[in-house]
Amino acid sequence: MINVNNVTKKYGSFTALHSIDLEIGDGEFIAVLGPSGCGKTTLLKLLAGFMGPTEGTISMDDTVLASAKRVLPPEKRNIGMVFQSFALWPHMTVAEHVKFPLSYHPNKIKEGKKELQERIGEVLKLVGLAALAERYPSELSGGQKQRVALARAIAPLPNLLLMDEPLSALDVELRMEMRKEIQKLHRETQASIVFVTHDQGEALAIADKIVVMNQGRIEQIAPPEVLYTRPETEFVATFVGKCNLVKGHWQNTHFVPAIDSANTWPDLGVADSFKESGIYPVRPEQFQLAAAEKDGLQGVVSFVQYQGHEIHYTVEVGQETWTIHESVFASRFNIGDFVGISLKHVPIQKGSLVSN
Amino acid sequence: MTVKQPMVEERKKRDSSFSLFFQKKNFYKIIGLLAIFVFFLLPVLRLVWLSFVDDGSLTLQYYTDVLREPATWNTVQNTLIIVAGSTVLALVLGVLFSWIVAYVRLSGKRAMQLFIFLPFIIPSYITTLAWTQFFSASGPVTAVLSWLPGELAAPNLYSIGGIILLLGISHYPLVYLFTVNVFRKIPRELEEAAATSGLSKKRAFRKVVLPLALPGIASGGLIAFLSNLDNFGIPAFLGTPANIRVLSTYIYEQVVGFGPSAFSRAAVLSVILGIIALAGTVLQWFLLRRSRVNETNRSDSTPRIHLSSGKQKLLEVSLWIFLLVTSLMPLITMGALSLISAYGVPFNLENLSLRNYEYVFLTDSKPLSALSNSLQLAFFTMLICLLLGTAMAYLRFKHPDWSTKAAELFMTIPFALPGTVFALCMIFMWLEPVPGWNPGIYGTVWILFIAYATRFLVLQVRGSYTAFLQIDPSMEEAARTSGAAGWVKWRRILLPLLFPGILSGALLVFLMALTELTVSSLLWSSGSETVGVVIFGYEQAGYSTYSTAFSTVLVLGILLGGGLFMLLSKLWDRKVLKNK
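As you go down the protein sequences, you meet chains P and U in turn.
Going by the working numbering, the first sequence wraps up at 356, each residue one higher than the last.
Going by the working numbering, the second sequence wraps up at 1580, each residue one higher than the last.
Hints listed in this document are in silico derivations from the structure and should not be mistaken for laboratory results.
Note that this is a predicted model, so its numbers are computed, not measured.
Every residue, glycine too, gets a C-beta built ideally from N, C-alpha and C.
When the alpha-carbon atoms are kept at most 20 Å apart in a straight line, the in silico EDC-like pairs for lysine to aspartate or glutamate are as follows:
1. U:1578 <-> P:139
2. P:45 <-> U:1477
3. P:145 <-> U:1477
4. U:1489 <-> P:96
5. P:45 <-> U:1472
6. U:1578 <-> P:134
7. P:344 <-> P:326
8. P:145 <-> U:1472
9. P:76 <-> U:1477
Cβ-to-Cβ under 7 Å is the rule here; a few derived chain U residues that face chain P:
10. 1474
11. 1475
12. 1478
13. 1482
14. 1483
15. 1484
16. 1493
17. 1576
Only chain P is shown next, with the shape it has when bound in the complex (with noise of 0.2 Å):
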């Protein structure tokens, strides 16, 4: 169990991070989003001890790991950590990075020769680079770097490990596939896992809990579904959702646009801040859109992107722009034609949101 209390980090006069706290459970995957600058490698680098906070502490299991007095260096923590750029040391093999952290790690192998080898034949099994041993950097792949790094994080079994934007510098397809790679090797370490991305479908897919960040402070922690769904501030709505915050008032259980108060829309999870500034936020395929004789708010279509799964449609209503995305399976629209919008009426079951 990981503890962040109250940490402020300043840079001279640039507060990087403000009163952060933050829980990190035994074997919790969470993944720490937030657009560059955000402040969420800076809390990275805190929980590595690469440098210390200016105010407030960090403990693992009750012991003191930093405060603004003393700061535990990463060497001495129960740490791995995996780099952006995987930072593999270009002079040695596979193995050797492998063997590295198990013999100068604070969880080293402190037994023979003979386990030493057999641990490291384990790990670099368990990330399938088993016939690749001999290799150096040089002479392997992107993903295989990527694995390499991984082996030598996981290796001596850390208690916390702390991934910078690792799936970065890779392509896409290998981006999805490491993915996978990534949970697997969390369902059978059991570490704990803190994940920096910038990357809001990755923090989705990958993560049991998501804390957003934004400009030194956190914006929101929960699971992704409820994340997604039930965002609670406008930086979470806009950035992880790119909901449409479409203004009005609150009647009771009832949304009132302030475009057309002819229609209300029904309360289908908003969360409670929303509702004291009178916004609603809808996400672009929660609206639905009809031709313009039918009910609903009217407006133009003012541009449309065809995106291959869904079309992506801005249509101007009144003096907003809201943006709406259809399936490509539904009535097509044009530039200029005249639409109705309407809410999807699909309740969300509060009590069963997906958690990985």
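Since chain P is already given, all that's left is putting chain U on it; use the hints.
Just chain U, lined up with the frame of chain P:
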């Protein structure tokens, strides 16, 4: 609650020991900066101070005396003409070569670069010696000219023109070094954008490429300017026989002249030299004031200009002729002429002998002891620079704050100062480190060691710093999250990766110290002669054949060492770092 109490106390104890550590850290920082101040900056301040002091009272007497002499103004005028001429020559050659190598499609660019860099590792006084042989009565130039019709004589190198030529040829590689990557880093899209906007190639070069390359050209020009100003070997070898003085040789003459006020007069001249150097630096700053350097552009070394194959051949041939004539031929001539038995006799089989070598290495004892002195000095200078310079580079890399920046700036001063001025600083500093106490450093080999180490340390700092910059910080971070700290981290991860970069810095320090002339010529004493001093001595006494023989052996040694280094770093790259 009772259980928690001791824990809190223990934590308090740790905290206090840690705050003590931080205090200690500041303490070390101050001690370190103080030591750097004493070794690197204080000598310069004492030199300036001495130019204003006479018998303990402030005076401008020396300034008025020196500035009233016509000889001073004559020297300053010579210096300005020579430095301006040679800087223009170095700029023209350097920019031309870097532009061609960066943009035009040529074969054998790597070999060309090697030849461009040759004047770097051969000290300029040896180059000068080689050139005087090249143009001498028994040299190839005279021979070629005598075949041609008309009364053509080889140009006289012992003149202002000769000094300008030699300085320009010795220092254009510096300009090349500073500009070639600047040219490569200018995105080719910018030229293409200029072309699609309707600019001709020539106008695009003038309006787009040149302004963007200006920072590199100006820095290269400044370095060439400072090197031309600082150079002692070339004006000493070529100017002294013809009675042409520049400031660096004039200061030298003042100091070895041992007049009653020699040191003070030399100090005044040094301040004048310093002011000229400063003026050049200000001019460069003025030129660069409004330019922005974009360091993030990727260097693009694929050729941008494709000539027709005939024109390309012609260009290649003329470049090679220039390179061979300016860098290799003089050295070969020197080697050949070192084999003739007496100066001035024609070069033919009957006159060939090894007599000069016999004299230099068997009869005269000085060259061998000088070689041993220089090798030892160079080795220990390299060693101490390797340790201190790499440590400094690591601190500079890990903690890029004001203190390490200031430290590096201080370390640059001895290297940036003209050699004669720096030597004078060393005398004033170490003759009596504390006024009234002479520990006997001046007049022994120790002053040479201190001078070399302080002058060349910055080369190692820069070399190691570049090596640190080239490895991804995550390499070290990965070692630490794998549990490695301290010596293990250095031995297993950092040193193998840094080795080639650190080694090239160390080799540069070694070579510079081995063949150093300017500083040594003022600081040597009987028994601590260095290689440069002995060759300079032969040349002053008119024993050109001996100096060429000794220089030939040195050049062969340097080339061998350079070759070994290239082989070693290539092997390291392939065998240890597994680069293909």
